[in-house]
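**Student:** Fit chain to chain and form the complex, with the hints in mind.
If you read the protein sequences in the order shown, they are chains A and B.
Reading the first sequence from the start, the letters are residues 18 to 259 in the working numbering.
Reading the second sequence from the start, the letters are residues 54 to 313 in the working numbering.
Treat the hints as calculated values from the structure; they're not laboratory data.
A hint or two may mislead.
[Said to hold, decoys possible] What follows is a set of in silico ranges between Cβ atoms, one per label pair, in the way DEER data are often shown:
hint : chain 1 : residue 1 : chain 2 : residue 2 : range
1    : A       : Ala223    : B       : Tyr94     : 16 to 24 Å
2    : A       : Gly215    : B       : Tyr94     : 45 to 53 Å
3    : B       : Thr91     : A       : Ala236    : 48 to 56 Å
4    : B       : Ser302    : A       : Leu113    : 27 to 35 Å
5    : B       : Asp272    : A       : Thr86     : 39 to 47 Å
6    : A       : Ser202    : B       : Asp247    : 37 to 45 Å
7    : B       : Glu136    : A       : Val73     : 31 to 39 Å
8    : A       : Ala236    : B       : Gly290    : 28 to 36 Å
9    : B       : Ser302    : A       : Val139    : 46 to 54 Å
Heads up, the beta-carbon is just placed ideally off N, CA and C, and yes, glycines get one too.
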Amino acid sequence: MPKPPHWELMIVWYFFLGGIAGGAYFTAAIADNFGGARDRGVARAGYLLSLPLVAVCGLLLIADLGVPTRFLNMMRTLKVWDPMSIGAWIVGVFGLFTFVSSALSLSSSPSHAALRRKIGLVGIFFGFFLASYTGVLLSNSAMPFSAGEGWGKLKHADRYSMLVELLLLAALIAALGAAARPLVSGHFATLFWGGLIGLGLLLPLALDLLGTRARALGALAAALVLIGGFVLRYVVLMSVQA
Amino acid sequence: MVRTLAMFTDTSLCIGCRACQVACKQWNELGLEVPEWTGGYQNHAHFTDKTYRLVRFIEEPGGKPNGDLAWLLMSDVCKHCAEAGCLDACPTGAIYRTEYGTVNINQDVCNGCRYCVSSCPFGVVSFNESTGTAKKCTFCNDRIHNGLGPACAKACPTESIQFGFRDELVGKAAKRVEKLKAMGFKDAQLYGADAKGFLGGLNAFFLLLAKPSTYDLPDNPRLPQRNVMVDSLLSIGSALVVGLGVLLSFRERGKGGPHA
Numbered sequence: 018m019p020k021p022p023h024w025e026l027m028i029v030w031y032f033f034l035g036g037i038a039g040g041a042y043f044t045a046a047i048a049d050n051f052g053g054a055r056d057r058g059v060a061r062a063g064y065l066l067s068l069p070l071v072a073v074c075g076l077l078l079i080a081d082l083g084v085p086t087r088f089l090n091m092m093r094t095l096k097v098w099d100p101m102s103i104g105a106w107i108v109g110v111f112g113l114f115t116f117v118s119s120a121l122s123l124s125s126s127p128s129h130a131a132l133r134r135k136i137g138l139v140g141i142f143f144g145f146f147l148a149s150y151t152g153v154l155l156s157n158s159a160m161p162f163s164a165g166e167g168w169g170k171l172k173h174a175d176r177y178s179m180l181v182e183l184l185l186l187a188a189l190i191a192a193l194g195a196a197a198r199p200l201v202s203g204h205f206a207t208l209f210w211g212g213l214i215g216l217g218l219l220l221p222l223a224l225d226l227l228g229t230r231a232r233a234l235g236a237l238a239a240a241l242v243l244i245g246g247f248v249l250r251y252v253v254l255m256s257v258q259a
Numbered sequence: 054m055v056r057t058l059a060m061f062t063d064t065s066l067c068i069g070c071r072a073c074q075v076a077c078k079q080w081n082e083l084g085l086e087v088p089e090w091t092g093g094y095q096n097h098a099h100f101t102d103k104t105y106r107l108v109r110f111i112e113e114p115g116g117k118p119n120g121d122l123a124w125l126l127m128s129d130v131c132k133h134c135a136e137a138g139c140l141d142a143c144p145t146g147a148i149y150r151t152e153y154g155t156v157n158i159n160q161d162v163c164n165g166c167r168y169c170v171s172s173c174p175f176g177v178v179s180f181n182e183s184t185g186t187a188k189k190c191t192f193c194n195d196r197i198h199n200g201l202g203p204a205c206a207k208a209c210p211t212e213s214i215q216f217g218f219r220d221e222l223v224g225k226a227a228k229r230v231e232k233l234k235a236m237g238f239k240d241a242q243l244y245g246a247d248a249k250g251f252l253g254g255l256n257a258f259f260l261l262l263a264k265p266s267t268y269d270l271p272d273n274p275r276l277p278q279r280n281v282m283v284d285s286l287l288s289i290g291s292a293l294v295v296g297l298g299v300l301l302s303f304r305e306r307g308k309g310g311p312h313a
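Isolated chain B (complex conformation) (with noise of 0.2 Å):
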């Protein structure tokens, strides 16, 4: 693998324009949509098989140190986790992980089975119908395969979606947060940045200005497949127990007539 490759968005700098937006529908020629109203700006309210980059309005009355409304903003967008719920779910191996650490789906593969629908615990993953196949951000993979960053990056006028080496962005993560914090933004914190944190850290981390649920993210994501072991047990340890009943049945049954 080399160097890994990572997108960082402050949402500090976030103005809520949405160029990353429509770059990420042009580069990757997904189709119109019908707006929905969310009572906001917000359009769409979650991510959609045709939209892959989505800018978040969150609306927080007394989310200011004064007591005023606090407008956050925030670019939403699929996470390349380390430790990817959708990518341990495939069954067809439809969805990889690039050498750049990002993680991919195969359209010519995808069955559209939609596990990996239910396996993002970030609801990013999304079914198309007219392909049948599941759909969500590549990283441009075209993109960085050719020497550019992706489309949302590039479009970006405040450089709130910034791209390169995840080791390099982490840094000036760090550097801002706590310049954030001498300004007074006392929530300000990294979301995904620790590769030692949750899901091994996320390749598209962010920096927030409140508390993660209130961007609606989970405060703390787990892999979906964290059951798997238990319930496996579970299921061997009841088939022991309701095999044993059918088998004591069937015994006593069978000692009316001899043992064919």
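Here chain A stands alone, though its shape is the one from the complex (with noise of 0.2 Å):
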């Protein structure tokens, strides 16, 4: 029987705060290049915002490993086909992007903002990375659960995309049948329907739909989700290794 590797809380914050860097690194760097002049304090609150949760991100992962002083025994080698050794060089090499971009960010210098554009369409190709690459981990694994094959999809589209998210939990669930019984009836299924489906996407949505004009429901629905994709990344990890 394959044994679960004890990945707690901490992981899951990191998964969390990780997805979030990404993403708002993301959204920066398309906003700064392809949005308007509107659109750059979108950009640069994106790239301030990713800076300290990567640095959180990389503390997170330290602090759960068994030898913490050796942390930097993951720069000893680089294995592409491994999720776990390329997932510790991004956080790293992201982590850079995200200072860089954020340094520059604060510049109103034109050649300072055009060579911040340039990084950020590198950067984001990193900042996708790490929202994304933990799905690709867990669904690598030897733990039963991980014989879905949905996880990539699922993992980033929800920041973006409610709509997306449910289609693709719709998804996922179907592609895992029997396996996803302790998601869906088993001990996290409360947490699942009641928070995930319930708070974290159908509430928003309704939310998003009826109540544009109002910015308090607008910021309660960005809340909700916020909290939505907290829950999901914690009932996966979680019971993976149930």
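**Tutor:** Right under this line is the structure:
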């Protein structure tokens, strides 16, 4: 019988914050390159948000190691087919990008802005990688739940499109078949249906459709989506190891 | 690489004395553990960070040809797979293959990320809380480098555990299966002996008297890394879709003002 690795709350937080960091940078770089002048604020906020989040991600990963002082051992090898090895490198490289982009976003010089846009286009790749490789990592283990292959798709769509997420979740449940039982009817069912589907998806979707004019409702919807994103990572990671 | 070494565990000869389990504990100086109630003689239920050899006691109702209860014994151990999931998963290079074909964890390099724990198809690799590192059978690395066989094979009183060159042991094992089949053990089979079979063959392979699942072994274990390519392509595909969506929404908003 395969063993669970006992990745617990620190790793749930890492998945969550890493996803936000990657998504924020992703959105910022696209706004920076393709948006109008009004989107400069979005771009700067995205860059400045991603930097501290990646830093926290790195600290969470190091703290979760059995021997944290040996975290640099991850840099002894680079295995391109190994999500854990690539992931460790990506956190570092993406961290570098968020730092440079954040620093440049504080400058008002046009040449700095041009450089920042170019860097952003490259950094997008690493940001998206950070947000999505965790799904590849989880599905490439010997744990029984991982048989489903809808994961990579699922991991990142959630922050951008709630409808897409609902469809992907349905596809994931269908693809997993019996292996999804701990999620949909087992110990994590209340959290899955109530927390993720209800609070994290259907409610914000309804708020979005009904009350686009009220700012408070929009903020509430956004907060609920984030909570849903956290619950998703929690139930997925914990039910795999249950 | 020198000639590949192997352990062949012939479960038809196992008497469940657990000398192997004790010899392993003693040689490798593995600490004490609180026994577990597993409902039978077996202890522990699974491999732990202090149990590298584990005798499984399996009661199979109606497992004998005459319908009686079959009591199957099997001394289980790390398989030292030719294509090892733990070795592929290790991001520090702490898990390595020795010149004898065995798989070992360098305790001075492992930083305890635990990806190998979740990557072993057999649940062999275990995490040790006090050292903060991953642990498993070393194939008695110190002994084989000094001309000795593993402690478990040395201690086995019935030669249920045999140590030697892989090619020789596979030949022996094939003959033994034929003999058992002639004796009426129709389900007798080798597990992991075939180098062209799953995981490139196991360097600790087994002779079983029933199908693998009876022994809590996967029928067709696969490398956990089998999905990496497909998953990565799916990720890239959805990156493009999501990226396009974000791009279009900013394009539309951007039309309102001049592009700075």
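**Student:** Now, for every hint given, state plainly whether the structure supports it.
**Tutor:** How the hints compare with the structure:
no. : hint                                 : result
1   : Ala223(A) with Tyr94(B): 16 to 24 Å  : violated, 58 Å
2   : Gly215(A) with Tyr94(B): 45 to 53 Å  : holds, 48 Å
3   : Thr91(B) with Ala236(A): 48 to 56 Å  : holds, 53 Å
4   : Ser302(B) with Leu113(A): 27 to 35 Å : holds, 28 Å
5   : Asp272(B) with Thr86(A): 39 to 47 Å  : holds, 42 Å
6   : Ser202(A) with Asp247(B): 37 to 45 Å : holds, 40 Å
7   : Glu136(B) with Val73(A): 31 to 39 Å  : holds, 37 Å
8   : Ala236(A) with Gly290(B): 28 to 36 Å : holds, 32 Å
9   : Ser302(B) with Val139(A): 46 to 54 Å : violated, 22 Å
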